[in-house]
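Quick note, the sequences are listed as chains P and L, same order.
Going by the UniProt record's numbering, the first residue of the first sequence is number 1, and it counts up by one from there.
Going by the UniProt record's numbering, the first residue of the second sequence is number 1, and it counts up by one from there.
Keep in mind that the hints are not guaranteed to be accurate.
[Unchecked claim] Computed footprint of chain P on chain L; a stretch qualifies when at least three of its residues, placed anywhere within it, have a C-beta under 8 Å from a C-beta of chain P:
#, segment
1, 46 to 55
2, 106 to 113
3, 328 to 342
[Said to hold, decoys possible] Now the stretches of chain P that chain L is said to cover, found in silico as 3 or more residues with beta-carbon under 8 Å:
#, segment
4, 68 to 77
5, 102 to 110
6, 125 to 131
No lab work stands behind these hints: they were computed from the structure.
Predicted model only: the values in this text are computed from it and were never measured.
The beta carbon of each residue, even a glycine, is placed where N, CA and C say it ideally should be.
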Amino acid sequence: MREAGAASSRPLSLTARLVVGLSALLLIGGLILSLAAFAYGRAAARDAFDRLLVGAANDIAASISIVDGVPVVDLPLSAFELLGLAQEDRIAYQVLGPQDTVLTGYDLLPLPPEGQGDVAFYDASFTGDPARYIRVTRRFAERQFSGAVQVIVGQTTHARTELALDITRNALAGLVVGGVAIMTFAVFVVRQALRPLNQLAASLALRDPRDLTPIDAAVPPEVDAMVQAINGFMGRLNGQFRTMKNLISDTAHQLRTPVAALRAQADLAAGEEDAGAQKAIVTRLHSGTVRLSRLLDQMLSRALVIHRGGAARREPIDLRDIALDVFDDADPRHVAPEAEVHLEIGEAPVMVLADGLSLTEAAKNLLGNALAHGTAPITIGADQSLLGARLWVRDVGAGPSPALLAQLGERFATGAAGRVRGSGLGLSIAQAVAEAFDGELQAESGPEGFCIAIVLPPEPEP
Amino acid sequence: MIQRLLIGLSLLGGVFAASVHAQEAVAHFGAQGATRSITLRTTTDIAVLAPTMRDFLANRPDLSLRYEQWGSNDLYALTELDCKTGRPGADIVISSGVHQMVKLVNDGCAVSWVSPETQALPDRLRWRDQVWGISREPAVIVYNRNLVPPEDVPDSRFDLLDLLRPEGSRYGGRVATYDIAASGLGFLFAFMDSQEASTFGALMEAFARSGAVATCCSAEIIGGVATGDYLIAYNVLGSYAMQAARSDQRLGIVAPADYTLVLSRAAILPGTEANHDAGDLLDFILSESGQRSMAKVHLASAPSAPLPGADREEDDSRWRLIELGPTLLVAMDQMKTAGFLARWRAAIGE
Chain P
1 MREAGAASSR PLSLTARLVV GLSALLLIGG LILSLAAFAY GRAAARDAFD
51 RLLVGAANDI AASISIVDGV PVVDLPLSAF ELLGLAQEDR IAYQVLGPQD
101 TVLTGYDLLP LPPEGQGDVA FYDASFTGDP ARYIRVTRRF AERQFSGAVQ
151 VIVGQTTHAR TELALDITRN ALAGLVVGGV AIMTFAVFVV RQALRPLNQL
201 AASLALRDPR DLTPIDAAVP PEVDAMVQAI NGFMGRLNGQ FRTMKNLISD
251 TAHQLRTPVA ALRAQADLAA GEEDAGAQKA IVTRLHSGTV RLSRLLDQML
301 SRALVIHRGG AARREPIDLR DIALDVFDDA DPRHVAPEAE VHLEIGEAPV
351 MVLADGLSLT EAAKNLLGNA LAHGTAPITI GADQSLLGAR LWVRDVGAGP
401 SPALLAQLGE RFATGAAGRV RGSGLGLSIA QAVAEAFDGE LQAESGPEGF
451 CIAIVLPPEP EP
Chain L
1 MIQRLLIGLS LLGGVFAASV HAQEAVAHFG AQGATRSITL RTTTDIAVLA
51 PTMRDFLANR PDLSLRYEQW GSNDLYALTE LDCKTGRPGA DIVISSGVHQ
101 MVKLVNDGCA VSWVSPETQA LPDRLRWRDQ VWGISREPAV IVYNRNLVPP
151 EDVPDSRFDL LDLLRPEGSR YGGRVATYDI AASGLGFLFA FMDSQEASTF
201 GALMEAFARS GAVATCCSAE IIGGVATGDY LIAYNVLGSY AMQAARSDQR
251 LGIVAPADYT LVLSRAAILP GTEANHDAGD LLDFILSESG QRSMAKVHLA
301 SAPSAPLPGA DREEDDSRWR LIELGPTLLV AMDQMKTAGF LARWRAAIGE
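Construct the complete structure from the given sequences, taking the supplied hints into account.
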């Protein structure tokens with residue numbers, strides 16, 4: 001059952017599709033053709049054999065003479081030789097004198113429908129078999145006899161049907177031969193056309209599993225689209241792969257120093273006998289683990305942001321909501337709980353197309369940085385500038401040094417030598433989010449203080 | 001049975017009543033205890049076909065055969081009546097009146113039978129797989145050897161004309177032929193003669209002038225020649241003549257050199273459904289052993305086989321096989337027949 005389901009859900013091969021399609025076409029075509037051929041054959045057979053009837057009837061009509069005022073038929077052999085050309089058919093004939101008296105021939109034969117001319121063809125039956133008849137009227141205007149003599153000649157339709165079927169059979173035989181040729185050719189062409197795909201498959205199979213470089217193969221334009229798609233996919237895969245690699249190496253790098261420091265503190269605490277000194281060491285241990293946990297938060301959020309930037313769905317977001325959320329969120333505050341934070345948002349919505357979670361993470365990091373390194377009071381806000389929609393954080397300090405600003409967002413940049421505060425990481429998260437949504441991270445120092453902003457292309461309000 | 005038949009006929013309007021007589025003879029073949037039986041109606045004398053019938057039944061112990069011998073016109077009328085009334089009559093009909101058999105086929109009174117034996121027949125002896133020519137019998141001139149001097153023996157129709165031409169010829173009133181009004185076969189031969197050559201007109205004229213005798217039946221004519229009542233008989237069926245000549249030294253036979261008509265007796269299976277035993281009989285007659293048996297009674301000499309007085313080397317065109325086909329319908333046309341008979345009667349007044 002499951003196997004059958006699997007088999008039926010498996011798509012047909014192109015060759016099979018082609019064969020099925022062509023077969024259907026040939027079948028329908030064959031049906032139409034055979035109907036047409038039969039119709040044509042019947043018409044042709046009727047024309048041909050009607051001529052025999054005309055010839056025979058005229059022969060008989062010509063053999064009528066008036067003897068002593070009475071029409072006399074001297075039935076000619078030639079008429080029957082002519083009709084005998086339709087070898088298997090039976091012959092009906094009748095000669096009618098005035099008042100439809102039977103002069104000679106069969107007693108009862110069907111007459112043509114009323115209102116026909118001197119030569120009338122009609123279909124009727126002859127002792128149980130379908131037959132084709134002709135009636136020819138010959139008019140006499142002689143001294144002894146004046147009037148019409150009708151000659152009726154009929155023939156069963158065996159030869160006609162045979163000929164019509166013969167024509168149909170020949171037409172169908174041609175179609176079958178042609179169809180087989182077309183089918184064979186089509187299968188051959190499909191095989192030829194699919195060869196680049198097979199080559200592609202072969203080269204993919206031969207590839208090193210870690211080789212995610214684009215495929216460079218000369219393929220027909222139809223296949224090129226697929227190759228491009230594969231290359232795009234491999235590019236994304238490669239990016240993800242690199243991100244993971246970076247994340248792992250960052251994590252290792254960033255965690256090594258604080259963990260080593262904690263371990264040293266712990267060693268120290270274990271060896272310390274003085275209770276006062278031990279308590280001081282425990283306090284340092286505590287603040288060290290807090291920093292470590294914050295670092296971990298940041299690293300996770302960065303991984304989340306980088307992951308979502310490539311994959312998350314973009315939605316219309318009001319940056320004011322993000323600013324409000326971050327302002328309300330207590331998390332960043334415990335870096336410097338006593339610091340003063342303001343919210344500055346306007347009346348008009350500041351719409352962008354982005355992922356709300358990523359933006360929130362980025363804004364939290366920016367606020368966290370300002371709380372950690374800047375000078376209170378700190379303001380968070382969102383507005384629409386000439387450059388685009390801005391989500392910004394400002395403090396009244398001088399900001400980082402121009403050199404530090406220059407390395408803004410680099411992965412391993414940290415505030416000062418060896419100080420593991422994660423400020424570099426926070427910026428790098430903000431930068432990554434800004435770039436993921438086609439924007440940038442801008443920083444400026446002015447009289448009002450230092451302001452850092454995620455600037456995104458504005459989304460017109462729906 | 002015949003009484004009933006006659007009553008039926010008169011009820012039907014009696015067109016044929018006048019011409020339908022009792023069959024000439026009846027014979028039964030086959031074992032008493034046979035479970036199946038077929039009826040053969042034929043113009044052929046019982047004695048002629050009896051050996052063939054016995055050969056046929058030899059391997060069929062459960063089959064018997066009723067053999068009815070009829071005159072050709074009666075046989076035609078009866079078979080046509082059977083066909084029109086849908087009454088089962090004979091299972092197989094074999095007649096020398098082949099035009100009548102063709103007419104019956106054309107009227108849809110016969111059924112088809114296809115077998116290797118029938119397929120082996122030439123087209124000219126087979127029509128619609130419903131009528132088959134089972135024999136080959138030439139129409140010959142029979143003369144009395146004792147009374148006709150060798151120099152007078154007519155080798156062709158022209159010789160016969162020359163013989164009858166002189167005023168007061170000793171052959172006047174001593175030449176016989178079939179009465180074509182009474183014999184379907186005689187009519188057919190005369191009709192084919194009229195289609196074949198212009199000699200026929202002259203021949204009729206000569207017959208008329210010399211007072212030729214028209215009489216019935218092959219046996220009667222041949223007997224008349226043997227006894228010397230007639231010196232010469234024209235258009236006699238060769239099979240009967242050769243059979244008679246075998247035992248009677250007085251009879252001489254000539255196949256006319258100008259042309260010789262060859263008749264192939266026609267067989268049909270009447271009715272609407274073929275009787276298998278009747279089909280078997282047909283196949284047997286057409287088979288090699290059947291033809292051998294027929295050849296013994298001179299029914300199956302091939303058209304080109306040597307006949308007494310005929311040269312083997314002669315052109316085949318001399319033998320005119322009467323083909324089985326729709327053209328024979330012309331010989332059945334009422335008006336044609338009436339006209340032909342009128343001419344005949346005018347020539348050979350009875």
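Hints, verified against the model:
Residues of the segment 46 to 55 of chain L with a Cβ under 8 Å from some Cβ of chain P number 0, which does not satisfy the need for three, so the listed coverage is violated. Counting residues of the segment 106 to 113 of chain L whose beta carbon lies closer than 8 Å to any beta carbon of chain P gives 3, which reaches the threshold of three, so the coverage claim holds. With a threshold of 8 Å between beta carbons, the proposed coverage of the segment 328 to 342 of chain L by chain P holds, since 7 of its residues qualify and at least three are required. Using a Cβ-Cβ cut-off of 8 Å, 6 residues of the segment 68 to 77 of chain P lie near chain L, which meets the minimum of three, so the contact claim holds.
Coverage of the segment 102 to 110 of chain P by chain L holds in this model, with 3 residues showing a Cβ closer than 8 Å to a Cβ of that chain against a need of three. Counting residues of the segment 125 to 131 of chain P whose beta carbon lies closer than 8 Å to any beta carbon of chain L gives 4, which meets the minimum of three for the stated coverage.
In the structure shown, a violation is registered for the earlier hint numbered 1 alone.
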